[in-house]
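Chain by chain, the residues run as shown.
2 protein chains.
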Amino acid sequence: MEEPVQVQVKRVCMFWFCHIIGVFISNELCTLDEKHRLTWPEVKGGVFYILYNFLPFYWVHLFISPQGIPKRRKFLFVLALCSSLCLSGFFLCPPQAHGSPNLLMSDRLSLPICSIQMKLSSSLPLSLPQINCVTFPLPGEGPEQQLLKPNEWSYCDYFWTDKKDPQGTASVAGFEVLLQKQLKGKQMQKEMAEFIHERIKIEEEYAKNLSKLSLSPLAAQEEGTLGEAWTQLKKSLHDEAEVHLKFSNKLHSEVEKPLLTFRGDNFKKDLKKYDHHIADLRKQLASRYAGVEKARKALADRQKDLEVKTQQLEIKLSNKTEEDIKKARRKSTQAGDDLMRCVDLYNQTQSKWFEEMVTTSMELEKLEVDRIEWIQQHLRQYTTLRHETDMFNQSTVEPVDQLLQNVDPAKDRELWVKENKTGEVRPVDMDI
Amino acid sequence: MEEPVQVQVKRVCMFWFCHIIGVFISNELCTLDEKHRLTWPEVKGGVFYILYNFLPFYWVHLFISPQGIPKRRKFLFVLALCSSLCLSGFFLCPPQAHGSPNLLMSDRLSLPICSIQMKLSSSLPLSLPQINCVTFPLPGEGPEQQLLKPNEWSYCDYFWTDKKDPQGTASVAGFEVLLQKQLKGKQMQKEMAEFIHERIKIEEEYAKNLSKLSLSPLAAQEEGTLGEAWTQLKKSLHDEAEVHLKFSNKLHSEVEKPLLTFRGDNFKKDLKKYDHHIADLRKQLASRYAGVEKARKALADRQKDLEVKTQQLEIKLSNKTEEDIKKARRKSTQAGDDLMRCVDLYNQTQSKWFEEMVTTSMELEKLEVDRIEWIQQHLRQYTTLRHETDMFNQSTVEPVDQLLQNVDPAKDRELWVKENKTGEVRPVDMDI
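Protein sequences, first through last, are from chains A and B.
Position 58 of the first sequence, counted from 1, bears residue number 58 in UniProt numbering, the numbering being contiguous throughout.
Position 315 of the second sequence, counted from 1, bears residue number 315 in UniProt numbering, the numbering being contiguous throughout.
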């Protein structure tokens with residue numbers, strides 16, 4: 001796709017124009033007398049006239065017509081024709097042509113003027129190999145390809161070829177690899193959610209145990225300031241439990257749940273749509289390719305037929321008339337046209353597939369970027385919650401520290417003695 | 001124990017001295033003629049003479065002697081005697097006397113001169129009540145007692161009386177209450193250790209769960225920078241587990257174990273020693289008290305006997321001679337001496353018990369202060385460990401944060417594409 005289509009079309013038109021002018025001039029030069037001039041009715045309209053001159057069958061007419069054309073005219077005709085061909089051929093050869101016009105040109109030029117051997121083999125050498133119906137340039141051939149998005153390691157640059165399945169003969173489209181990556185990403189987020197869920201369960205268990213222990217009556221009989229500190233210490237376990245419960249709740253709502261619901265079921269459906277769309281285009285491409293192959297075979301058959309018939313006529317092997325030759329020639333031309341049409345359709349379809357590949361792989365690339373960033377953001381939420389939790393946890397110890405600082409044995413003794421004293425009056429000596 | 005013993009002794013001596021002088025003078029006044037003078041041999045020595053005058057038996061002698069003493073002399077004697085008693089009695093009444101001399105004084109003064117009714121009941125009113133063999137001042141009576149250790153709510157000031165068991169008749173020594181407090185303290189520390197042990201179990205469970213989860217293969221297939229961050233996140237759970245395990249180990253070695261081993265078995269033995277020691281002293285006191293009671297009863301018996309015998313002699317009921325009276329009198333006096341001795345012993349024992357109570361209750365007080373401070377210190381260790389743990393826990397999140405910050409979708413794409421690309425060469429148009 002080095003040249004825009006419009007340029008190519010232009011060139012082809014120019015070729016034909018020159019060629020027609022040349023033939024016309026040649027014709028006029030050679031058939032000045034009315035006798036030998038080709039009459040329009042004979043050439044079935046202008047279009048056919050033009051087509052008739054695509055291949056130098058006129059030459060044949062010249063040399064096998066019953067009325068001999070003077071050698072001088074023949075020579076002039078040939079001269080004019082060749083000149084026009086050379087001139088118009090110029091238009092057909094773009095600076096960076098893949099070589100087919102070249103090939104065509106060389107094919108034509110190398111044909112000995114006296115030979116009517118047409119070196120058209122049944123397997124017309126297509127200049128480029130197809131892999132799974134996709135046309136790639138030959139290694140070393142063609143212009144150097146620049147990455148569509150250099151330095152970006154973009155999906156649209158690296159997944160053109162199908163991946164061979166190492167074990168079997170089947171192969172996987174490059175696009176399929178990209179799609180699988182996205183599906184795997186979905187699986188990853190599901191597993192991450194599961195992991196977080198497990199963490200939540202662990203936290204809830206821990207909180208439950210701490211809460212239960214905080215209700216323990218152990219050493220509840222400790223009184224005074226020490227008793228207060230101890231009571232607060234036990235209570236702090238409940239506070240810790242609350243912190244961990246809060247942590248687990250937030251983990252659930254801010255990390256686990258989002259991980260589970262990010263890109264819900266619609267995501268897989270969307271991916272499937274992409275998958276089917278691209279697969280359909282490949283299928284279309286395959287069928288177009290089949291069409292090309294079919295047309296190519298048909299053309300080869302037609303050419304063979306014409307060759308055979310022409311040979312037969314020359315050696316007067318059969319009673320084939322010129323009419324038969326013309327018919328075979330026409331069919332051959334038609335087959336050639338068909339082939340061109342099929343190749344065009346194929347190229348159109350490949351272009352369509354190409355565009356879709358680029359667009360969709362860019363979409364997938366964006367999806368992957370989004371996925372990574374989204375997960376990064378939510379894992380950061382996890383670490384934030386962890387930080388918070390540890391800080392809140394630290395604060396549960398503060399009141400315990402405070403009360404421990406206030407522990408006062410003297411005060412405790414006062415409290416206890418006031419509560420438990422038996423009598424303040426001291427004994428005295430007995431007296432009689 | 002408001003007055004030093006020496007002062008009391010002085011007073012008693014003064015009393016006796018005056019009393020003796022008085023009696024002597026009286027005697028001289030009344031028995032000028034040799035006939036009626038008490039002869040020394042009759043009174044069996046000076047001491048007995050003194051004792052003889054402790055109670056006004058001389059009066060008896062005066063009034064029942066066969067030789068009548070002129071009324072005038074009797075009158076003078078009585079006057080002199082009373083004066084001397086009043087004078088000497090002054091010495092017996094300290095500014096804050098408990099009242100026994102007073103009582104004694106009033107007893108003597110209230111006796112009608114003509115009455116020989118001796119208001120000596122068999123239960124000689126001891127001026128102070130005993131509670132469980134311990135002698136306390138009557139409410140309102142006696143000098144005001146100051147606390148031994150004012151403003152300190154010291155054990156030695158508040159546990160003198162036995163505590164009545166609300167249900168039964170038994171009572172518990174104040175010291176016993178103090179002892180129970182110490183035993184309860186030991187129970188408290190044991191229960192605290194148990195609580196810490198439960199916490200340790202919870203922490204170990206938590207650590208085990210975190211560690212197990214950290215090994216989970218969930219989302220292990222995530223690659224690139226995101227995969228690294230995720231791997232570190234999982235690993236951080238193991239780091240957290242380590243932190244909690246370290247916490248539980250330190251809880252065990254720095255809090256639980258000390259709580260279990262603080263004041264080992266020896267402590268209870270020491271307490272038992274105190275218990276037995278004090279209990280023994282109380283038993284001694286009780287037996288001394290029993291001795292006093294016994295001596296008192298014996299004295300009362302003797303007095304009764306003497307009274308009876310004297311009455312009998314007066315009404316010439318029996319053939320009891322003066323010798324019998326004297327014998328009875330002597331036994332009475334001896335019983336009085338015994339009583340005095342028993343009272344002394346009782347008071348000594350009570351003093352001993354008193355001293356031991358003060359000393360030991362101070363010991364227990366110190367033990368309690370030590371216990372409270374020790375527990376305070378170790379509970380502070382608990383809170384310190386909690387602080388540490390939360391800090392270490394926070395640090396386990398740092399590397400995760402770091403790697404999350406490094407998450408780079410572009411880099412991850414590069415890595416993945418390099419690994420998974422299928423082909424870079426882009427398709428081209430088919431040409432024939």
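Don't read these hints as lab results, they were simulated from the structure.
Where hints are given, some of them may not hold.
Since copy identity is lost for identical chains, a pair holds within one copy or between any two.
No farther apart than 25 Å at their CA atoms in a straight line, the calculated lysine-lysine pairs in the BS3-like style are these [as the list claims (entries may be wrong)]:
#1 Lys-366 - Lys-257
#2 Lys-149 - Lys-421
#3 Lys-190 - Lys-246
#4 Lys-309 - Lys-212
Predicted model, so just to flag it, every value in this text is computed and none were measured.
We went through each hint and held it up to the structure:
no. : hint              : in the structure
1   : Lys-366 - Lys-257 : within (23 Å within a copy, 60 Å between copies)
2   : Lys-149 - Lys-421 : between (92 Å within a copy, 15 Å between copies)
3   : Lys-190 - Lys-246 : within (23 Å within a copy, 33 Å between copies)
4   : Lys-309 - Lys-212 : neither (103 Å within a copy, 84 Å between copies)
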